[in-house]
Amino acid sequence: MASASPLIRLEGLSVSFDGVRVLHGVDLDIGRGGTLGLVGESGSGKSVTWLAALGLLPGKARIEGRALLDGEDLIAASDRRLDAVRGGRIAMIFQDPASALNPVLTIRRQIGEALALHRGLSGRAVGAEAKRLLDLVGIPDAERRLSAYPHEFSGGQNQRVMIAMALAGQPDLLVADEPTTALDVTIQAQILDLLDSVRRETGMALVLISHDLGVVSQTCDRVAVMYAGRIVEEGPSSRLFADPAHPYTRGLIGALPPLDGSRRRLVSIAGTVPDPRDPPPGCAFAPRCLHSDRRCTGDVPQIEPIEADRRMACVLAVHRRSEIAARAGREHTTAETVAP
Amino acid sequence: MTEPLVRVDDVARTYHSRRGLFGRAVEVAAVDGVSFTLGRGETLGIVGESGSGKSTTGRLVLGLEPSDRGTVAFDGAALPKGGTPDWRRLRARMQMIFQDPLGALDRRLPIGEQIREPLDIHDIGDTASRVARVADLLDRVGLTRNHGRRYPHELSGGQRQRAVLARALATTPDFLVCDEPISALDVSIQAQVVNLLVDLQAEFGLAMLFVSHDLRVVRQVSRRVAVMYLGRIVEEGSADDLFASPVHPYTRALVSAAPTPGRRLTDRIVLQGDPPDPADRPSGCAFHPRCPVAEARCRIETPRLVDVGGGRRAACLPVSGDATSTREAA
Numbered sequence: 102m103a104s105a106s107p108l109i110r111l112e113g114l115s116v117s118f119d120g121v122r123v124l125h126g127v128d129l130d131i132g133r134g135g136t137l138g139l140v141g142e143s144g145s146g147k148s149v150t151w152l153a154a155l156g157l158l159p160g161k162a163r164i165e166g167r168a169l170l171d172g173e174d175l176i177a178a179s180d181r182r183l184d185a186v187r188g189g190r191i192a193m194i195f196q197d198p199a200s201a202l203n204p205v206l207t208i209r210r211q212i213g214e215a216l217a218l219h220r221g222l223s224g225r226a227v228g229a230e231a232k233r234l235l236d237l238v239g240i241p242d243a244e245r246r247l248s249a250y251p252h253e254f255s256g257g258q259n260q261r262v263m264i265a266m267a268l269a270g271q272p273d274l275l276v277a278d279e280p281t282t283a284l285d286v287t288i289q290a291q292i293l294d295l296l297d298s299v300r301r302e303t304g305m306a307l308v309l310i311s312h313d314l315g316v317v318s319q320t321c322d323r324v325a326v327m328y329a330g331r332i333v334e335e336g337p338s339s340r341l342f343a344d345p346a347h348p349y350t351r352g353l354i355g356a357l358p359p360l361d362g363s364r365r366r367l368v369s370i371a372g373t374v375p376d377p378r379d380p381p382p383g384c385a386f387a388p389r390c391l392h393s394d395r396r397c398t399g400d401v402p403q404i405e406p407i408e409a410d411r412r413m414a415c416v417l418a419v420h421r422r423s424e425i426a427a428r429a430g431r432e433h434t435t436a437e438t439v440a441p
Numbered sequence: 024m025t026e027p028l029v030r031v032d033d034v035a036r037t038y039h040s041r042r043g044l045f046g047r048a049v050e051v052a053a054v055d056g057v058s059f060t061l062g063r064g065e066t067l068g069i070v071g072e073s074g075s076g077k078s079t080t081g082r083l084v085l086g087l088e089p090s091d092r093g094t095v096a097f098d099g100a101a102l103p104k105g106g107t108p109d110w111r112r113l114r115a116r117m118q119m120i121f122q123d124p125l126g127a128l129d130r131r132l133p134i135g136e137q138i139r140e141p142l143d144i145h146d147i148g149d150t151a152s153r154v155a156r157v158a159d160l161l162d163r164v165g166l167t168r169n170h171g172r173r174y175p176h177e178l179s180g181g182q183r184q185r186a187v188l189a190r191a192l193a194t195t196p197d198f199l200v201c202d203e204p205i206s207a208l209d210v211s212i213q214a215q216v217v218n219l220l221v222d223l224q225a226e227f228g229l230a231m232l233f234v235s236h237d238l239r240v241v242r243q244v245s246r247r248v249a250v251m252y253l254g255r256i257v258e259e260g261s262a263d264d265l266f267a268s269p270v271h272p273y274t275r276a277l278v279s280a281a282p283t284p285g286r287r288l289t290d291r292i293v294l295q296g297d298p299p300d301p302a303d304r305p306s307g308c309a310f311h312p313r314c315p316v317a318e319a320r321c322r323i324e325t326p327r328l329v330d331v332g333g334g335r336r337a338a339c340l341p342v343s344g345d346a347t348s349t350r351e352a353a
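Protein sequence lines correspond, in order, to chains V and C. Quick note, the numbering used here runs 101 ahead of the 1-based positions in the first sequence. Quick note, the numbering used here runs 23 ahead of the 1-based positions in the second sequence.
There are no misleading hints in this set.
The following label-pair restraints were derived from C-beta to C-beta distances:
1) C:Ala101 <-> V:Leu158: 57 to 67 Å
2) C:Asp32 <-> V:Glu244: 41 to 51 Å
3) C:Ser152 <-> V:Leu158: 45 to 55 Å
In silico contact screen, one side only, chain C against chain V (beta carbon under 8 Å); selected entries:
4) Ser73
5) Ser179
6) Ser211
7) Ile212
8) Gln213
9) His236
10) Phe266
11) Ala267
12) Leu277
13) Pro282
14) Val293
Hint data in this document are derived by calculation from the structure and do not stem from the laboratory. Here a beta-carbon is modelled for each residue, glycine too, at the ideal position from N, C-alpha and C.
Using the sequences provided together with the hints, build the complete structure.
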């Protein structure tokens with residue numbers, strides 16, 4: 102866990118829709134200026150976590166737990182208070198910038214709106230600040246482009262505009278939900294570079310939600326892996342990727358075809374993600390896990406420290422991590438022939 | 024050398040589209056002079072970003088779209104015109120699978136019946152043998168007979184793609200075109216389907232054209248890889264060599280931009296600018312406005328795909344040096 106007073110702390114955050122629990126007690130700390138990658142497959146709860154924390158879920162969602170921003174609980178906050186926080190201290194960007202922007206308003210109007218609302222700017226100051234933001238996110242010819250509409254920009258440029266709008270409120274935290282998934286590889290690299298440089302310049306914290314392990318590890322110091330509504334492993338990204346501990350994390354990394362070295366058969370994870378309406382007993386990953394035994398179908402494993410700065414939720418691995426690693430090595434001897 | 028199964032020679036496809044309500048009609052060259060050969064049981068991967076023409080290439084090769092020029096030969100004979108009875112007969116030997124399995128399946132029919140459909144259409148076997156064949160195909164792609172009785176919406180995304188694959192294999196084709204077949208699937212399911220494709224390819228001796236934006240997946244299933252940019256192949260070579268030592272500046276940027284777990288943003292080549300508009304193709308080499316090594320002549324001369332040694336072909340003037348000193352590729 103991070104330092105004594107995190108910027109934001111999620112405590113036992115849970116979400117249910119119509120009595121079906123999709124998020125099961127998520128605990129997470131993000132320090133000032135920190136970067137956290139949240140990885141998982143569809144339905145793992147990585148987006149719901151932040152939508153719940155920011156009060157963006159529909160009314161029928163039942164939310165428990167706390168989301169503390171500098172000690173203030175956002176779950177209990179009034180709508181008025183949340184309006185000030187969202188786009189102000191915490192900004193969020195999404196996968197599809199074209200649908201998040203208003204097609205009939207110029208970029209100047211849309212960025213201006215955020216500047217008026219969260220910074221109280223008006224008149225000429227709005228135009229000047231909007232131009233500075235477009236410059237910051239690398240849109241060439243910013244002055245002229247302010248008068249353009251979203252359809253006149255490419256997908257990558259629209260995502261830059263979204264980032265500019267998110268930065269308008271000078272947020273302490275930017276939550277980016279699959280910001281590059283809809284973009285081409287070369288444009289993805291540009292946007293990740295941009296997020297990284299903006300973060301360094303402004304000192305804001307960044308939560309990057311992605312299904313892509315590679316994207317997350319390029320930009321984030323810490324990574325949390327989610328499965329079926331729970332964090333199953335969390336730690337510094339360098340160590341998590343070099344030496345994954347949870348069988349699911351190991352599986353995800355093994356499922357990725359290498360780009361160099363000898364080709365090997367991919368280590369696929371058998372089966373599919375469980376239906377939240379009919380979860381398996383005990384550990385949700387147990388039915389797909391190569392290492393599961395009797396103990397895995399008892400109590401749900403709690404997330405516990407496995408070494409300084411790392412946590413994991415796995416009954417077996419907490420006690421017998423080395424044994425699992427040894428066993429995995431034997432099972433996938435071919436998998437280990439990948440050249441560095 | 025024996026005749027390749029598929030020989031594609033200088034195919035091209037131009038679309039006409041109108042810009043805005045009263046705009047002028049503009050020509051968009053989706054594919055502009057693509058040539059390659061594919062041997063029996065061989066897999067060629069085509070990588071590229073959106074607008075590179077990789078999907079259109081797949082459709083041209085199957086005759087799903089007419090080519091404006093050039094020729095496609097299948098098993099030594101020119102591909103019959105799309106829609107003709109000859110072409111339909113040939114389609115039993117050439118199949119295709121797409122990104123979205125739900126869109127490719129009929130929602131009102133159990134998947135077992137859909138896997139059987141090609142056998143009915145091409146009149147292969149009698150009723151009993153068709154039933155047995157469906158059961159065998161389900162088994163080959165890792166589904167049960169019970170799955171065969173279910174409707175598409177009752178299956179997961181990975182199971183649906185398996186069903187689509189079983190249907191494509193029903194007529195024991197020689198050639199399979201896969202267009203982004205796993206892009207819509209979750210990471211853990213992608214690996215299952217990739218392994219299955221590799222197994223089936225070996226088992227059936229299939230020739231495959233594997234189209235994807237995902238370099239890792241393309242490398243995993245392909246022996247040779249072609250990289251496309253704005254309707255043209257810019258580099259082609261063996262999958263291992265090409266990704267290990269790309270020579271074309273665009274391939275180098277693509278490989279360096281592919282995210283690798285555990286690797287931070289360092290010494291990566293980040294291309295400047297947006298992908299170009301196919302309707303407004305830059306002069307000379309189409310990549311020159313984004314190219315870190317572009318020279319003055321790149322703006323004027325259009326590079327041809329030439330042999331650069333080691334079984335590699337590339338279309339880049341600075342790479343191939345003086346065009347006259349390099350041997351032209353066949």
